[in-house]
Amino acid sequence: MSGKAFLLVFGFYASLAATALAQTAPGATQAAPDEAEVSNQAPWPCAQRRTPTISAAAVWAGPDIAKAGDWEQDAEAAALAEKLASRRTPLAEIDGLLDDFVKKAGADKDQRLTRVFAGALALINRERDHILAGIAHFAEGQERLAERVRKESEEVADDADKGDADAKALAEAKVEFAWDKRIFAERSQSLTYVCETPAILEQRAFEIARRIQEKL
Amino acid sequence: MRFGGRSGFFHPGFFLALFMLAAPAPALAFRIFVTNEKGNSVSVIDTDKQQVVETVPVGRRPRGVSISPDGKLLYVCASDDNAINVLDVATMKIVRSLESGPDPERFALNHAGDLLYIANEDNAEVTVVDLAKNLILAQVPVGVEPEGMGLSPNGDLLVATSETTNMAHFIDTRSYRLIDSVLVGKRPRIAVFNRSGTQVWVSSELGGDVSVIDTANHQIIRKITFDVPGLTKEEIQPVGVVLSSDGRKAFVALGYANRVAVVDQQSFAVEKYLLVGVRVWHLAFTPDEKLLYTTNGNSNDVTAIDVAREKVIKSISVGLEPNDLVSSLH
Numbered sequence: 000m001s002g003k004a005f006l007l008v009f010g011f012y013a014s015l016a017a018t019a020l021a022q023t024a025p026g027a028t029q030a031a032p033d034e035a036e037v038s039n040q041a042p043w044p045c046a047q048r049r050t051p052t053i054s055a056a057a058v059w060a061g062p063d064i065a066k067a068g069d070w071e072q073d074a075e076a077a078a079l080a081e082k083l084a085s086r087r088t089p090l091a092e093i094d095g096l097l098d099d100f101v102k103k104a105g106a107d108k109d110q111r112l113t114r115v116f117a118g119a120l121a122l123i124n125r126e127r128d129h130i131l132a133g134i135a136h137f138a139e140g141q142e143r144l145a146e147r148v149r150k151e152s153e154e155v156a157d158d159a160d161k162g163d164a165d166a167k168a169l170a171e172a173k174v175e176f177a178w179d180k181r182i183f184a185e186r187s188q189s190l191t192y193v194c195e196t197p198a199i200l201e202q203r204a205f206e207i208a209r210r211i212q213e214k215l
Numbered sequence: 000m001r002f003g004g005r006s007g008f009f010h011p012g013f014f015l016a017l018f019m020l021a022a023p024a025p026a027l028a029f030r031i032f033v034t035n036e037k038g039n040s041v042s043v044i045d046t047d048k049q050q051v052v053e054t055v056p057v058g059r060r061p062r063g064v065s066i067s068p069d070g071k072l073l074y075v076c077a078s079d080d081n082a083i084n085v086l087d088v089a090t091m092k093i094v095r096s097l098e099s100g101p102d103p104e105r106f107a108l109n110h111a112g113d114l115l116y117i118a119n120e121d122n123a124e125v126t127v128v129d130l131a132k133n134l135i136l137a138q139v140p141v142g143v144e145p146e147g148m149g150l151s152p153n154g155d156l157l158v159a160t161s162e163t164t165n166m167a168h169f170i171d172t173r174s175y176r177l178i179d180s181v182l183v184g185k186r187p188r189i190a191v192f193n194r195s196g197t198q199v200w201v202s203s204e205l206g207g208d209v210s211v212i213d214t215a216n217h218q219i220i221r222k223i224t225f226d227v228p229g230l231t232k233e234e235i236q237p238v239g240v241v242l243s244s245d246g247r248k249a250f251v252a253l254g255y256a257n258r259v260a261v262v263d264q265q266s267f268a269v270e271k272y273l274l275v276g277v278r279v280w281h282l283a284f285t286p287d288e289k290l291l292y293t294t295n296g297n298s299n300d301v302t303a304i305d306v307a308r309e310k311v312i313k314s315i316s317v318g319l320e321p322n323d324l325v326s327s328l329h
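Order-wise, the sequence lines are chains A and B. Just so you know, we're using numbering that gives the first Met the number 0 here: the first sequence kicks off at 0 and counts up by one. Just so you know, we're using numbering that gives the first Met the number 0 here: the second sequence kicks off at 0 and counts up by one.
Same shape as in the complex, but just chain A:
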């Protein structure tokens, strides 16, 4: 980039800095045309389709959970639901926990097992909602970082182009650019793991539902 071009770019960014304060979307961001969508639909960076709350019917063919009574009022059912929903509880332990519950569940066993399912599903959905919101928040952060990396890359290129640029400032700019690039890449990588989590929770909900239905 020539010196003249640099001045143009510099002028452009200077005007951006001013307009950014006024909260407009600078033309430099790719996301700008989708602004309207973004406002009511948080960005979704995962390859996996964003699916809403897991409905009971998607994983459950047992008795109607609406007719089973409030799971939160059944202390034992609620305690078991919490244990089942927690990812700290290995799936291999689920059957044993359910068997223990069934032994002392009494005459309304099926109804109480249905409550356990309702509770576990509610808790898993709560965790899943948190994670979905976290992913959206993470995506916004990545978008901002991507924008900064783009700017830094241009600035470094421009400074190098000038020839007479301050060598120390250029070296510093390069280091900052390298760091931001690395952070961006590492965060992108961890995203692939984070994106798996909603599906893992859905698998867990299905598996819990299946095992409870086997005890009915």
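Keep in mind that the hints were calculated from the coordinates and are not lab data. Check each hint, because a few of them may be wrong.
Each computed PhoX-like pair below joins lysine-lysine, with the alpha-carbon atoms no more than 25 Å apart [to be verified]:
#1 313(B) with 48(B)
#2 310(B) with 214(A)
#3 232(B) with 66(A)
#4 102(A) with 66(A)
#5 82(A) with 214(A)
#6 289(B) with 248(B)
#7 310(B) with 248(B)
#8 71(B) with 48(B)
#9 214(A) with 48(B)
#10 103(A) with 214(A)
#11 271(B) with 66(A)
#12 37(B) with 92(B)
#13 271(B) with 248(B)
#14 313(B) with 37(B)
#15 185(B) with 232(B)
#16 66(A) with 108(A)
#17 313(B) with 214(A)
#18 310(B) with 108(A)
#19 313(B) with 248(B)
#20 214(A) with 271(B)
#21 71(B) with 92(B)
What the simulated footprint calls covered on chain A by chain B, stretch by stretch (three residues with Cβ under 8 Å from a Cβ of chain B suffice, anywhere in the stretch; the number is not a length) [as the list claims (entries may be wrong)]:
#22 50 to 59
#23 202 to 211
All C-beta atoms in this analysis are idealised placements derived from N, C-alpha and C, irrespective of residue type, glycine included.
We have chain A; now place chain B onto it with these hints.
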């Protein structure tokens, strides 16, 4: 194979005598071959043990799978390798890889077992490959994102679906010419002929229905819809379809609904829903049609269904993201 394994328990003569008395043989064990899209492998399930007995590596992103008419070779679409892997069923080793055109997703094998009809998702074509020569014989342009491939019982008619164009394309397999295109529900996936060849059933993932098309006049004679209480319409996404050869039942995998629908082939009435696993994509019968297996893409398992009782009998863990499956013939 299984007799070989078991005959050791018997004196050969005793075994032969039993056989000659025509004593009822035990139900044959088949093997189900499951492609694991993310596991880059094929899981082999023994239908007697109802468990995975072997897992073998294949090309990248394996999806569609089919078996040769003599049951000796397994064909696997390795989508990300732009190839079809051919495995020897006896050794489960890749013996060769075939030209497939770009991004092969699913295919049909002709009844003689010497031609493959491949849907190339990326370039809106159906590729015809001569298996012996590993040579592309023809590329038939169809709609955008071709996917499902169904071959008529007499082998004269091929129906390919195109996901984006929402059509079922009728192709004459003698001339490789497109003879008709029928508009069906959104994002059509699988095309399957009934035993007599009078109908082709096409599932539409986003349309949420199955179109039954009369093969004589290419008219849709019925759109079968599904309604699972408590689920939204969007969650019901029909993909895999199999039709029993006695003409009585059809089974439809409903994707995000995590269920398989049992449908009366004659009246088109939906009779029952079976909860199987998360994201159920494809279905395959054993050759005797006593058992039906489903791939559940998101719970990484396969469900075994007793066809006569219409009941789920077992969930079997396989590799990552099971996609398609086929049974051994013996």
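Now for the hints, and whether the structure bears them out:
Between the alpha carbons of residue 313(B) and residue 48(B) the distance comes to roughly 11 Å, so the proposed pair stays at or under 25 Å and holds. Our distance criterion of 25 Å between C-alpha atoms is met by residue 310(B) and residue 214(A), whose separation comes to about 16 Å. Taking the CA atoms of residue 232(B) and residue 66(A), the gap is near 24 Å; set against the 25 Å cutoff, the hint holds. With a C-alpha separation of about 22 Å, the suggested pairing of residue 102(A) with residue 66(A) holds against the 25 Å cut-off.
The straight-line distance between the Cα atoms of residue 82(A) and residue 214(A) is roughly 17 Å, inside the 25 Å bound, and the hint therefore holds. A threshold of 25 Å between alpha carbons decides the hint, and for residue 289(B) with residue 248(B) the separation of about 12 Å falls inside it, so the pair holds. A hinted pair counts as satisfied when its Cα atoms are at most 25 Å apart, and residue 310(B) with residue 248(B) qualifies at roughly 14 Å. For a cut-off of 25 Å, the pair hint linking residue 71(B) to residue 48(B) stands: about 22 Å separates their Cα positions.
Using a Cα cut-off of 25 Å, the hinted pair residue 214(A) and residue 48(B) holds, with the two alpha carbons roughly 23 Å apart. Simply put, residue 103(A) and residue 214(A) have alpha-carbon atoms about 13 Å apart, close enough for the 25 Å limit, and the pair holds. Our distance criterion of 25 Å between C-alpha atoms is met by residue 271(B) and residue 66(A), whose separation comes to about 23 Å. Restraint check: the Cα-Cα separation between residue 37(B) and residue 92(B) comes to about 19 Å, which is no more than 25 Å; the hinted pair holds.
Using a Cα cut-off of 25 Å, the hinted pair residue 271(B) and residue 248(B) holds, with the two alpha carbons roughly 11 Å apart. Taken as a hint, the residue 313(B) and residue 37(B) pair is honoured in the structure, with Cα atoms around 23 Å apart against an allowance of 25 Å. Taking the CA atoms of residue 185(B) and residue 232(B), the gap is near 13 Å; set against the 25 Å cutoff, the hint holds. For a cut-off of 25 Å, the pair hint linking residue 66(A) to residue 108(A) stands: about 14 Å separates their Cα positions.
A hinted pair counts as satisfied when its Cα atoms are at most 25 Å apart, and residue 313(B) with residue 214(A) qualifies at roughly 15 Å. For the hint linking residue 310(B) to residue 108(A), the alpha-carbon distance of about 23 Å falls within 25 Å, and the restraint holds. Under the criterion of a C-alpha separation no larger than 25 Å, the hint pairing residue 313(B) with residue 248(B) is consistent with the structure, at around 21 Å. With a C-alpha separation of about 22 Å, the suggested pairing of residue 214(A) with residue 271(B) holds against the 25 Å cut-off.
At most 25 Å may separate the alpha-carbon atoms for a hinted pair to count; residue 71(B) and residue 92(B) meet this at roughly 12 Å. Only residues whose C-beta sits within less than 8 Å of a C-beta in chain B count toward coverage, and the segment 50 to 59 of chain A has 7 of them, enough to reach three; the restraint holds. Under the rule that three or more residues need a Cβ within less than 8 Å of chain B, the assignment of the segment 202 to 211 of chain A holds, with 4 such residues.
Violation of the numbered hints given earlier is absent; every hint is satisfied by the structure.
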